[in-house]
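Given next are the chains, with one letter for each unit.
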Amino acid sequence: MEQILANGVYLGSQYAMIALGLTLIFALMNVLNFAHGQMYVIGGFVTYTFYGHWGVPFILALVMSCVTLAILGALIERYLFAPVIKGSAREESTMLLAAGIAFFLDAVILLVFGEKQRGVPKIVDGVFNWDFRLIMPYDRILICVLAILSIVAFIALMQYTKTGRALRALAQDRTAAQLMGVNVDRYSMIGFALGAMLAGLVGGLLVTITGVNLGMGGATSIKAFMMVMIGGAGVISGAIWGGIILGFMEAIGLALLYQYGDITYLVIFVSLMIFLAVRPQGLMGKPWG
Amino acid sequence: MLGFNLKQLTGVGIFLFMIFIGVPFAIGVTGRWDFYFTLTSVALLAIASAGVWLTFYIGRINIGQGAFALIGAYVSAILVVKVGWSFWISLPAAGLFAAVVAILIGLPILRLRGVYFAMITLVLTQVVTLTALALPITNGARGISNIPLPSGISLFGIPILPDFVAMESTKLAFYYTACIIMLLTYAALYRLVNSRLGHLCRSMQQNEELASSIGVNISYIRIVIFAISSFFGGLGGAMFGSIAQSVYPSSFQVADSVNFMLNCFLGGLGYVFGPMLGTLVLYFGWDLLFEFGKYQMLIYSTILIIIIRFLPNGLLSIRFSKGGDK
Amino acid sequence: MQRRTLMKAALTAITMTALQATTALAENTVLKIGFVGVTSGPAAAWGISNQRSMEARASWINETGGYTIGGTTYDIEIVSFDDQKDPKRAIAGMEKMAQEGIHYVVGPNVDDGAAAVRPVAEANGIMYFPYAFPKSLYQAPASNAVLGMVANYQSGPAIYKYLMDEKGVKTVAFIAANESDPLSQRDGGVEAATALGMEVVSANVTYQVDTTDFTPVLTPVMRSRPDLLVLSGVSPANAPQLIRSARELGFQGVISTETAQDAGVLAEGAGDLANGFISVGGASTPELASPMMNEFVQRYTDMFGEYNDESNTKVYALEYILETLKADPSAITDVDAFQAIMDTFEAPNPYMNGDAKLRYVGMSSFGQKRQVSVPLVVNVYQDGEFKTLFVAEVD
Numbered sequence: 447m448e449q450i451l452a453n454g455v456y457l458g459s460q461y462a463m464i465a466l467g468l469t470l471i472f473a474l475m476n477v478l479n480f481a482h483g484q485m486y487v488i489g490g491f492v493t494y495t496f497y498g499h500w501g502v503p504f505i506l507a508l509v510m511s512c513v514t515l516a517i518l519g520a521l522i523e524r525y526l527f528a529p530v531i532k533g534s535a536r537e538e539s540t541m542l543l544a545a546g547i548a549f550f551l552d553a554v555i556l557l558v559f560g561e562k563q564r565g566v567p568k569i570v571d572g573v574f575n576w577d578f579r580l581i582m583p584y585d586r587i588l589i590c591v592l593a594i595l596s597i598v599a600f601i602a603l604m605q606y607t608k609t610g611r612a613l614r615a616l617a618q619d620r621t622a623a624q625l626m627g628v629n630v631d632r633y634s635m636i637g638f639a640l641g642a643m644l645a646g647l648v649g650g651l652l653v654t655i656t657g658v659n660l661g662m663g664g665a666t667s668i669k670a671f672m673m674v675m676i677g678g679a680g681v682i683s684g685a686i687w688g689g690i691i692l693g694f695m696e697a698i699g700l701a702l703l704y705q706y707g708d709i710t711y712l713v714i715f716v717s718l719m720i721f722l723a724v725r726p727q728g729l730m731g732k733p734w735g
Numbered sequence: 052m053l054g055f056n057l058k059q060l061t062g063v064g065i066f067l068f069m070i071f072i073g074v075p076f077a078i079g080v081t082g083r084w085d086f087y088f089t090l091t092s093v094a095l096l097a098i099a100s101a102g103v104w105l106t107f108y109i110g111r112i113n114i115g116q117g118a119f120a121l122i123g124a125y126v127s128a129i130l131v132v133k134v135g136w137s138f139w140i141s142l143p144a145a146g147l148f149a150a151v152v153a154i155l156i157g158l159p160i161l162r163l164r165g166v167y168f169a170m171i172t173l174v175l176t177q178v179v180t181l182t183a184l185a186l187p188i189t190n191g192a193r194g195i196s197n198i199p200l201p202s203g204i205s206l207f208g209i210p211i212l213p214d215f216v217a218m219e220s221t222k223l224a225f226y227y228t229a230c231i232i233m234l235l236t237y238a239a240l241y242r243l244v245n246s247r248l249g250h251l252c253r254s255m256q257q258n259e260e261l262a263s264s265i266g267v268n269i270s271y272i273r274i275v276i277f278a279i280s281s282f283f284g285g286l287g288g289a290m291f292g293s294i295a296q297s298v299y300p301s302s303f304q305v306a307d308s309v310n311f312m313l314n315c316f317l318g319g320l321g322y323v324f325g326p327m328l329g330t331l332v333l334y335f336g337w338d339l340l341f342e343f344g345k346y347q348m349l350i351y352s353t354i355l356i357i358i359i360r361f362l363p364n365g366l367l368s369i370r371f372s373k374g375g376d377k
Numbered sequence: 004m005q006r007r008t009l010m011k012a013a014l015t016a017i018t019m020t021a022l023q024a025t026t027a028l029a030e031n032t033v034l035k036i037g038f039v040g041v042t043s044g045p046a047a048a049w050g051i052s053n054q055r056s057m058e059a060r061a062s063w064i065n066e067t068g069g070y071t072i073g074g075t076t077y078d079i080e081i082v083s084f085d086d087q088k089d090p091k092r093a094i095a096g097m098e099k100m101a102q103e104g105i106h107y108v109v110g111p112n113v114d115d116g117a118a119a120v121r122p123v124a125e126a127n128g129i130m131y132f133p134y135a136f137p138k139s140l141y142q143a144p145a146s147n148a149v150l151g152m153v154a155n156y157q158s159g160p161a162i163y164k165y166l167m168d169e170k171g172v173k174t175v176a177f178i179a180a181n182e183s184d185p186l187s188q189r190d191g192g193v194e195a196a197t198a199l200g201m202e203v204v205s206a207n208v209t210y211q212v213d214t215t216d217f218t219p220v221l222t223p224v225m226r227s228r229p230d231l232l233v234l235s236g237v238s239p240a241n242a243p244q245l246i247r248s249a250r251e252l253g254f255q256g257v258i259s260t261e262t263a264q265d266a267g268v269l270a271e272g273a274g275d276l277a278n279g280f281i282s283v284g285g286a287s288t289p290e291l292a293s294p295m296m297n298e299f300v301q302r303y304t305d306m307f308g309e310y311n312d313e314s315n316t317k318v319y320a321l322e323y324i325l326e327t328l329k330a331d332p333s334a335i336t337d338v339d340a341f342q343a344i345m346d347t348f349e350a351p352n353p354y355m356n357g358d359a360k361l362r363y364v365g366m367s368s369f370g371q372k373r374q375v376s377v378p379l380v381v382n383v384y385q386d387g388e389f390k391t392l393f394v395a396e397v398d
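Chains as they are written, first to last, in the numbering used here: chain A, 447 to 735; chain B, 52 to 377; chain C, 4 to 398.
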């Protein structure tokens, strides 16, 4: 039982971080960013290259991941998403762009970083073992703590800074924010960069635990979509809850249903569908069309 | 003829000539026999994409067509291999089964909108794949292989459909079959869009509450449209199963569902024939870039990004910049 | 600005490909050998190691003057098609091979692709060498597929037997990804272990292909306390994570798999925790590798920057095709001749020390000779490299 809870907290915190960036971008521009998972993978590879390959201190490598992704995100928003959103009749068209970018980043990752699974040396050695009731390697605990700290920092940024207030205004009502004198173009770009940066940060953090390979991107995006849907699209607290819930569903589902192997995830997915059918706007989303 | 003008009729005539005579002629001259399969795939994927387009037409982003294609492929395969039906009867049965599943699933989920509907259909694709892995009737992980080719059908001794087994090359036969089904699909789609139902769909696409308030039975229309959409998915999937002569849980997966949706976006959501063009460009384009080896994906995605950057409303928006063709 | 750089990248790519194409053309006649497999997306590692071993070998042959078959010297050209692990694309790839006039193709890498290309291959007279295990591909009436490696239902029993005899292993647990290939391999493994009299304590646990954290998946398996944990059909990307999680959960027993792995990936992903991990490899361990194998590894490394140990098992298919063609030159265009000579074909194995032979096997598994005979080399990982545990033969 303790193990299940610990697994749930650990999975939940990392999931929540992945979902945060995605939901932020969605809230600001109504873009379902299919390339989010690829951004996460790039973040992982950047940290791998700096920390694992060149021996730069881990924290510095993590910062490099964030910077790279923030720049990438800003460029993508400025030169691709912004013009397409302005020119398209139906805003869902951005999904094609997002998918195209996902393909593109996949191709770049393959050419630059290769096809192999990559991993970095452990940042902390040792395993916390409480009488075999609760087993958790120290590096996982550290990453879990770092993830929670990042989430708290992100919430603080959104709540208490000028940028955060502008972003929230933008998410609530784009037109109204514009009328109130918020520079919409500028903050859209900042918001997108911030969302991409979160993806890079979590990629860099998790490379120490799970390693990284080019195949992770698409799957990560889909998982992140699910968390966002559980919590409610475009709501920051919803994404956090969605991540935690999915983390616990996996931890509990795998613990209870393991004898039925093949259907564990079937049950998770079906219950997700039932949940959404009953509550179409997720846990705390706005009921909107 | 039903208010078609001369220009439209000529267009349709040229199109028919192209796919039934022009393409085989061009392939005969150039000797690129491998294009038959690629174009057959395009036709079949265009059928499934037509279904996705139809759900777009009522304002729903459908990322679940892969699920219905997989259902169709399995139903047809099971009927042919285990029950011994003729493929030609299993084909509509596969479509109908997919439609029935769509009705059952659609009842609860069609209330969802926007990204929520998109996501739940995406999850649906995974659910169907996992179900196919877990069920005994689908042979689980081992899939169904060695599916016989379609056999002939004759009525009162007159052959109506040829026996594929007896053919020297099934390529041309599959190509023509796929094209004919695609034409029927798009004719039905065109007819539907220009009917009263299509009119109601348009009003729903703009505002469901408003449509409902003027007496449109929106939940009924949603179900009907979703069922038709999935029928197309089932047809396309079943045909593919018979070409590959095998079906696996991975025959249609999330990537396929996403691609069906992208086909619609690329062609243009405002145009009936958009998904057909989108499928052609997306699927055939990949094959044409074959020469580039390891840069294939890079070039493919770059072109895709450039297209959407400059034509955000789809390829067909070049010609009909006023959005004329509905 | 960004667009311009993209265009530039695309243009550079085009010119580079064109250059590659022209350098490949020498005065010799060109013999094209195909590859249809996955070289992009999540499973790219499987196909890329395959494609690269073929390309490394081909450029080596061409550099040293070509390959002589029946008095004609050929330059070998590898035509590869990325099927994106999609059976529909795999069919298109096989059609492309037929279009190019190719009769010998390596791949596809997975079960569904291998089954889907069968109609095309048989209709167009193409022999293909899949890395997929379903027996129906190789048993009559199927005629054109040749299994390119040792199947898990052949290597599994050998490994389990060895562990029972040498390490006193009695109980075994299986874990597999929830996907066609690994699940089929798990079922084969369970069958083999049961037949040997092992007790299977856990076989139902599966994980999603996209899993990155295996601790929750492995926790219930560990509770059944097996002596041996088999990672059925594990992909090289997942293996280190699974090993690491199992060890961190306190697992003391043996971990093994029946697929080929890469030592570098294991070292990076699991470090010392991977010591003692048993997997199936080719012949590149120092004791077995012939000078030719060493040169192959060297050339591969020079060409692509980094070797992949998975290629040890994937170097053979091309060699088999060429050697068999040499045995009967008429087979270059006539697949029937190829099939006829398969029954009696025999040549020395150039990649392995000793008197190992290249020949076709598979009578006991498939009832016809539709498998290449590669040495079943069982490796154990130790401090960053593989060591040979034992070598066996498949019949």
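The hints are simulated quantities; they were obtained by calculation from the structure and are not laboratory data.
Keep in mind that this is a model prediction, so the values were computed, not measured.
Watch out, some of these pointers could steer you wrong.
Unchecked claim - Going by beta-carbon spacing under 10 Å, a handful of chain A positions derived as facing chain C:
#1 Asn453
#2 Thr495
#3 Gly565
#4 Pro583
#5 Asp631
#6 Ile655
#7 Ala665
#8 Phe721
Where is the CB? At the ideal position from N, CA and C, for every residue including glycine.
Inset, instruction - With a cut-off of 10 Å on the beta carbons, see whether A/Phe721 makes it to chain C. - result: 19 Å, violated
Inset, instruction - For the hint on A/Asn453, just tell me whether its beta-carbon gets within less than 10 Å of chain C. - result: At about 4 Å, which falls below the 10 Å cut-off, the nearest Cβ of chain C leaves the hint on A/Asn453 intact, so it holds.
Legend entry - Given hint A/Ile655 near chain C, where the shortest CB pair must fall under 10 Å: Hint on A/Ile655: holds, closest Cβ of chain C at ~7 Å, below 10 Å.
Legend entry - chain C contact restraint for A/Pro583 - C-beta distance below 10 Å: Interface hint status for A/Pro583: holds (5 Å vs cutoff 10 Å).
Legend entry - Satisfaction of the A/Asp631 interface hint, Cβ to chain C closer than 10 Å: 17 Å, violated
Legend entry - Interface hint outcome for A/Gly565 [beta carbon to chain C under 10 Å]: Status holds, d = 4 Å.
Legend entry - Agreement of hint A/Thr495 with chain C interface, Cβ distance less than 10 Å: At 13 Å from the nearest chain C Cβ, A/Thr495 fails the 10 Å test, so the hint is violated.
Legend entry - Minimum beta-carbon distance criterion (10 Å), A/Ala665 to chain C: Status holds, d = 3 Å.
In summary, the structure is inconsistent with hints 2, 5, 8 from the numbered list given earlier, while agreeing with the others.
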